[in-house]
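Each chain, written out:
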Amino acid sequence: MNIRRISAVAQKEWREIVRDKVFFSLAFIVPVAMMILLGYGLSMDVENIPLTIVDYDRSALSRDYAYRFIGSRYFDFKGYTAHEHDLRVLLTDNRVRAAIIIPPDFEKNLLAGRPSAVQTLIDGTFPFRAQTTKGYIIAINSAVSMDFMTDHLSRTKGISIQKARELLHPVILETRYLYNQSLKSIWSLAPKLIMLILMISPPFLTALGVVREKESGSIYNIYVSTVSRAEFLIGKIFPYLAISLVNAVILFLLATGLFGAPFKGNVIVFFASTLAYVCCTTGIGLVASVFVRTQTAAMIVTSIITLVPAVLYSGVLIPVFSLEKTAQVVAHLLPAMYYTNIVTACFMKGTGIAYFWQDVLVLAGYAAGLMILGYLLFRKRTSS
Amino acid sequence: MSSTSSVDLLNWLRRLHVMTVKEFLQLLRDAVLLIFIAYAFTADIYLAGAGVSLQLREAALVILDHDKSASSRELLSRFMPPNFRITGEASHPRHAMDLLDQGDAMAVIDIGPAFEKSLISQEPATVQIQIDTTNSVLGFLASSYAQQITGKYGLEIALKKLGAAGGNAATGPVILDDHRVWFNPNQNDAWFMSISELLTIITLFSVLLPGAAMVREKERGTVEQLLVAPLSAFQIMFPKVLAMTTVILIGCAISLSVVIAGIFHVPIKGSLTLFFAVTALYVFTTAGLGLFISTIARNLAQVGMMTVLVFTPMLFLSGAWTPPEAMPAWMRTVMYASPLHYYIDTGFGILLKGAGMDILWDEVLEMALLGSVIFGLGMWRFRKQFE
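So the protein sequences, as listed, match chains A and B.
Following the working numbering, the numbering of the first sequence begins with 3 at its first residue and continues without gaps.
Following the working numbering, the numbering of the second sequence begins with 57 at its first residue and continues without gaps.
Bear in mind the hints are in silico, worked out from the structure with no lab data behind them.
Wrong hints could be hidden among the right ones.
[Said to hold, decoys possible] Pair by pair, the computed Cβ-Cβ distance ranges are: (1) B/Trp386 / A/Phe30: 32 to 40 Å; (2) A/Arg75 / B/Met153: 42 to 50 Å; (3) B/Phe332 / A/Tyr225: 43 to 51 Å; (4) A/Ala119 / B/Tyr392: 36 to 44 Å; (5) A/Phe30 / B/Asn67: 30 to 38 Å.
Ideal Cβ placement from N, Cα and C applies to all residues, glycine included.
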């Protein structure tokens with residue numbers, strides 16, 4: 003290993019990057035644009051669900067009941083529908099995602115102290131949205147039921163409404179939200195976006211950088227030079243690592259500055275862990291680049307092995323414990339999950355390194371493993 | 057006169073044919089690329105459908121039961137799958153907090169020592185739940201499930217007591233909730249995830265492949281040969297898109313028959329012919345986007361970065377993984393320019409809902425319009441850049 007040769011390779015690579023002004027700017031624009039677009043747009047919240055109501059009863063009570071849904075911020079009321087036959091087209095065409103059918107005699111039954119069955123139709127194409135919508139409807143229905151029960155009880159027993167309500171609610175659940183008391187989505191999301199973007203961008207940069215030399219043939223200069231494999235790879239990766247680290251700092255500033263996410267942990271620990279993570283993702287790009295010969299293949303390979311797993315198996319949308327067994331195994335094999343733990347600990351929980359040193363260790367080991375693998379697979383001979 | 061024009065047409069078609077053969081050969085000779093295309097359309101879709109669920113399932117719950125009575129056990133036994141799973145018992149609040157900090161528990165439920173006694177003496181019995189809301193949406197869901205469970209438990213106890221005193225629950229003035237979930241009655245996540253993943257993969261390939269094929273010609277200088285050949289811009293661009301579309305449609309057919317219908321048993325309700333026709337239209341539209349990128353980019357590295365810049369927001373914000381209704385209004389407006397937005401509606405509409413052209417005509421029309429605008433822009437830019 004010779005530091006001078008490494009720095010020569012690094013300098014050559016750096017110049018190549020900087021002289022391609024468009025590429026150089028995109029290396030910084032892409033992460034920032036993704037952070038801003040996804041930060042404002044990506045949300046797992048289920049709100050404004052388009053809703054229609056079929057009211058066969060047309061009574062004062064049914065209108066009151068309908069208003070519970072119309073007034074809710076979770077639903078976006080699209081108007082009454084005359085008959086339930088029309089609902090199929092509305093649901094199939096995505097004009098509504100849920101429909102409520104209030105039966106005739108709704109008012110009569112309830113006022114007489116009898117139950118009334120209300121039918122709800124939900125568009126199930128997106129199970130998560132359907133499940134949440136169902137949750138909202140059940141919650142509204144049970145609140146309405148509770149009001150009727152309380153009313154009924156106080157009338158039949160001759161006790162006050164207050165007393166009746168207490169009788170029907172013997173168990174009180176006190177909920178405490180930890181780490182994100184006001185349930186701000188963006189506070190949860192912004193730190194995880196750092197994970198996501200640093201998963202996508204560095205491998206892309208690195209794989210393109212290495213494969214570019216292969217495809218254009220300039221790598222033969224390296225094959226015949228005195229630069230060793232390790233020197234070449236280290237020098238080659240170094241500029242991309244530096245760009246990615248600068249991006250990490252920018253993303254951190256956007257998360258805390260623009261989106262106001264609280265950062266409760268130790269900045270030095272956080273960036274040390276981030277370095278390990280960026281080495282990992284750069285390493286993924288390196289290993290991918292060894293396998294492919296064309297830049298097109300490099301782009302496809304890196305985007306498939308990074309983008310989709312980073313969304314699905316990292317805990318950004320779904321926590322790892324909610325995954326099936328096989329998917330949990332996949333999650334543990336990829337670096338994204340470990341970094342998500344670190345990001346969550348540093349931003350939201352404010353716990354110290356004692357709580358996540360294992361994650362840092364795994365990332366560092368992963369990075370080292372990938373670099374060694376890249377080194378072993380990289381040959382200074384063409385195979386054919 | 058008519059014979060010369062038919063010879064012209066024949067020549068025109070022959071040139072188109074030669075170019076198409078060239079594009080196919082070039083694509084088929086990149087073995088690694090082909091292997092990954094095959095992987096993406098099969099194993100990748102299988103992985104996404106098999107294990108991933110966006111719902112809150114089996115939230116890890118740790119219990120702190122200070123009462124250890126029949127009533128507290130009864131309440132705790134209701135926190136069970138699919139929504140919760142009791143993963144352990146903490147001996148001390150501090151221990152519970154540690155489990156939350158480490159991420160080993162998502163919620164801790166704390167039942168005080170006088171729980172049963174309060175229930176018997178008709179005093180309000182309080183139960184505490186602490187929820188990790190680092191993921192705010194799931195934290196909120198967990199809290200509303202816990203609320204439902206305790207509310208139902210409390211009501212049952214109350215009614216039992218009142219029942220002894222003469223009240224009657226079954227015929228009380230309540231709303232009997234009768235909900236039906238259409239199009240995916242059992243809320244099978246595999247149906248949604250596998251189709252979503254297929255649409256994602258199709259999008260990725262149709263943005264990237266044609267654009268990359270174009271820039272590769274620029275980078276290697278072979279585009280100069282094409283420009284001096286008797287070929288129009290259309291004859292250069294169209295075969296590239298045609299080759300990619302064929303490969304993507306074949307991949308799509310394999311994925312639908314083997315993985316989506318074969319392994320996940322998704323009932324394909326609508327017309328497959330319509331689905332493939334819409335997919336072909338979509339691939340053309342999106343390929344236009346890739347070609348447009350290729351006219352701006354000078355080398356493949358630039359194409360790669362620009363693709364990420366266009367593809368990622370398109371993917372995340374068109375509703376492939378997240379419910380689009382909750383996005384801010386201005387963002388939803390921007391997404392009308394994303395072909396994927398229409399493709400998701402039509403794709404799910406045909407496959408799961410059995411929708412036909414009578415319902416989907418407006419989405420298809422909008423996609424076609426968007427496609428011709430993008431493709432036209434791409435052709436115009438292509439001619440312009442060499443003038």
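Evaluated hints:
no.: 1; hint: B/Trp386 / A/Phe30: 32 to 40 Å; verdict: violated (25 Å)
no.: 2; hint: A/Arg75 / B/Met153: 42 to 50 Å; verdict: violated (33 Å)
no.: 3; hint: B/Phe332 / A/Tyr225: 43 to 51 Å; verdict: holds (46 Å)
no.: 4; hint: A/Ala119 / B/Tyr392: 36 to 44 Å; verdict: holds (39 Å)
no.: 5; hint: A/Phe30 / B/Asn67: 30 to 38 Å; verdict: violated (49 Å)
Checked against the numbered hints listed earlier, the structure breaks hints 1, 2 and 5; every other hint is satisfied.
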